[in-house]
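*Asks:* 93 is the number that full-length UniProt numbering gives to position 93 of the sequence shown; each next residue is one higher, with no gaps.
Misleading hints may appear alongside valid ones.
[As the list claims (entries may be wrong)] Derived EDC-like pairs (lysine to aspartate or glutamate); straight-line CA-CA distance at most 20 Å: (1) K195 with E157; (2) K195 with E228; (3) K195 with D150; (4) K176 with E157; (5) K95 with D128; (6) K195 with E174; (7) K159 with D106; (8) K236 with D172; (9) K159 with D189; (10) K159 with D172; (11) K159 with D175; (12) K159 with E174; (13) K236 with E274; (14) K176 with D150; (15) K195 with D124; (16) K95 with D106; (17) K176 with D189; (18) K236 with E209; (19) K159 with D196; (20) K195 with D175; (21) K95 with D124; (22) K176 with D124; (23) K195 with D106; (24) K159 with D128; (25) K236 with D175; (26) K176 with D196.
Everything labelled a hint here was simulated from the structure, so no lab data went into it.
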Amino acid sequence: MVSFDITIAGELNLDLVLYGLPENIPVERELLASGFEVTLGSSSAILAHNLATLGISTGFITRVGQDEFGQLALHRLAESGVDLSKVTVAQDATKTGVTILLHHGDRRRILTYPGTMFEMSRADLDVDYLASARHFHLSSLFLHRALQADLPALFRELKSRGLTLSLDTNDDPEDKWNGVLPQLLPLIDILLPNKDELCRIARRTNVDEALAELSSIVPTIVVKCGSEGALIQSGKSRVQIPGITVSPVDTIGAGDSFNAGFLAAWLSGHSLEESARAANISGALSTQRSGGTEAFRLREEREEFLRRHHFPAIHSRALRTDAGLAETTENQGSSSR
Numbered sequence: 001m002v003s004f005d006i007t008i009a010g011e012l013n014l015d016l017v018l019y020g021l022p023e024n025i026p027v028e029r030e031l032l033a034s035g036f037e038v039t040l041g042s043s044s045a046i047l048a049h050n051l052a053t054l055g056i057s058t059g060f061i062t063r064v065g066q067d068e069f070g071q072l073a074l075h076r077l078a079e080s081g082v083d084l085s086k087v088t089v090a091q092d093a094t095k096t097g098v099t100i101l102l103h104h105g106d107r108r109r110i111l112t113y114p115g116t117m118f119e120m121s122r123a124d125l126d127v128d129y130l131a132s133a134r135h136f137h138l139s140s141l142f143l144h145r146a147l148q149a150d151l152p153a154l155f156r157e158l159k160s161r162g163l164t165l166s167l168d169t170n171d172d173p174e175d176k177w178n179g180v181l182p183q184l185l186p187l188i189d190i191l192l193p194n195k196d197e198l199c200r201i202a203r204r205t206n207v208d209e210a211l212a213e214l215s216s217i218v219p220t221i222v223v224k225c226g227s228e229g230a231l232i233q234s235g236k237s238r239v240q241i242p243g244i245t246v247s248p249v250d251t252i253g254a255g256d257s258f259n260a261g262f263l264a265a266w267l268s269g270h271s272l273e274e275s276a277r278a279a280n281i282s283g284a285l286s287t288q289r290s291g292g293t294e295a296f297r298l299r300e301e302r303e304e305f306l307r308r309h310h311f312p313a314i315h316s317r318a319l320r321t322d323a324g325l326a327e328t329t330e331n332q333g334s335s336s337r
C-alpha cells in the first residue's frame with residue numbers, strides 16, 4: 001500500500017534571520033538589526049513543509065536534539081501535515097542545528113551550527129517507511145556526513161521497490177563536489193540544481209556544457225534560474241520556462257519552495273513544463289514573507305497567490321488520510337537513539 005506521495009530523509013534546523021546589518025561587520029562592537037525572524041530552516045524540512053501545505057502526502061525522517069529548537073521545528077512541520085512518526089531524538093548532548101542569516105540588503109552571510117544534521121545515519125532510517133511512498137527525495141547531500149556512504153545502497157533499494165528518486169545536492173561547503181555523488185547520479189530520475197550547482201556537479205564552466213555532460217546520466221534535470229525561471233533538460237529536449245515577476249521580501253528557501261512546487265505538480269500527473277511553471281510560482285510565493293515557509297503558512301494569502309498565478313491542481317494519490325498526518329508533536333518524534 002502506498003502510504004505517502006513522497007518521503008524525505010534529511011536535515012532539520014531553525015533559521016534565525018537578522019535584517020538591516022552593514023556588510024562590513026566590525027569585531028567587538030554591538031550592532032543593531034532592523035528586524036528579526038525565527039523560521040523553519042533547512043532544505044529538507046522546508047521542502048517537506050511546503051509540499052504538505054500544497055496537498056501532497058509527505059513523510060519525513062530526521063534527527064533532532066533534546067532542545068526547544070528541535071521541538072519548535074517539529075511543531076512547525078506537524079502543523080503543516082507532515083508525518084513525523086519516524087523522527088529520531090538524539091540521546092546525547094548534541095543539539096538541533098541552527099542557521100544564523102545576516103542580511104545586508106540583497107546579500108547575506110550564512111552561519112550554521114550543524115548539530116544533529118551531521119549525525120543522522122543509516123540506523124535512523126526505516127527503509128520500509130521510506131519505501132511506502134511513490135517518490136523519495138534527498139536534499140543537502142553534503143551535510144549528511146554520517147549517511148553519505150550508505151546512500152547509494154539506499155537509493156538502489158528504493159528504486160528496486162518501484163520508487164522514483166530526486167536529488168537536490170544544494171551547496172558543498174567544502175567545494176569538492178565528489179564523494180558518493182557520481183554513484184547517485186545514475187540512480188536518480190530528477191536532478192534539481194541551480195545554475196551554479198549544475199556547473200559544479202558537472203565540472204563545467206557554463207550551463208550548456210554542464211547539461212550536455214549530465215543529460216546522458218540523469219533523465220531529467222530541472223535547473224533553477226532565479227527570476228529567469230527554470231530550464232528543463234529531458235533527454236535531448238531542452239525547454240526554458242519563464243519566471244514570474246514579484247517584489248521579494250527575501251529569497252531564503254526560494255529554491256526549496258521551487259522544488260516543492262515542481263514535485264507537487266509532477267506527482268499530481270502534470271507535464272514537466274507545467275510542473276516547472278508550478279515551481280516558478282511556488283518559489284516566487286516563498287519570497288513574499290521572511291524565511292522559506294512563512295508565506296506557505298498563511299492559508300488565505302497562499303491560496304490567493306497561487307490562484308492569481310494559475311497554479312495547477314494538486315492531487316494526492318496516497319491512500320493515507322489527512323487525519324493520519326495531523327498528529328501533534330506530543331505523538332511524534334518518539335523514537336530515541
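*Asks:* For every hint, state whether the structure bears it out.
*Replies:* Consistency of the hints with the structure:
1. K195 with E157: Answer violated: K195 to E157 is near 30 Å, above 20 Å.
2. K195 with E228: Roughly 11 Å separates the two Cα atoms, so the pair holds.
3. K195 with D150: This hinted pair is violated, its Cα atoms lying about 27 Å apart.
4. K176 with E157: Status violated; Cα separation ~27 Å.
5. K95 with D128: violated (27 Å)
6. K195 with E174: holds (18 Å)
7. K159 with D106: It is violated: about 41 Å lies between the C-alpha atoms, which goes past 20 Å.
8. K236 with D172: violated (28 Å)
9. K159 with D189: holds (10 Å)
10. K159 with D172: violated (25 Å)
11. K159 with D175: violated (28 Å)
12. K159 with E174: Not OK: K159 and E174 at ~29 Å, beyond 20 Å, violated.
13. K236 with E274: Cα-Cα ~18 Å, so holds.
14. K176 with D150: holds (19 Å)
15. K195 with D124: violated (32 Å)
16. K95 with D106: Violated, at roughly 31 Å.
17. K176 with D189: Between K176 and D189 the Cα gap is close to 23 Å, so the pair fails against 20 Å, i.e. violated.
18. K236 with E209: Within the cut-off at roughly 13 Å; holds.
19. K159 with D196: violated (28 Å)
20. K195 with D175: holds (15 Å)
21. K95 with D124: holds (16 Å)
22. K176 with D124: Violated. K176 to D124 sits at ~26 Å, over the 20 Å cutoff.
23. K195 with D106: holds (19 Å)
24. K159 with D128: holds (13 Å)
25. K236 with D175: The given pair, whose Cα atoms are some 29 Å apart, is violated under the 20 Å limit.
26. K176 with D196: Holds, at about 14 Å.
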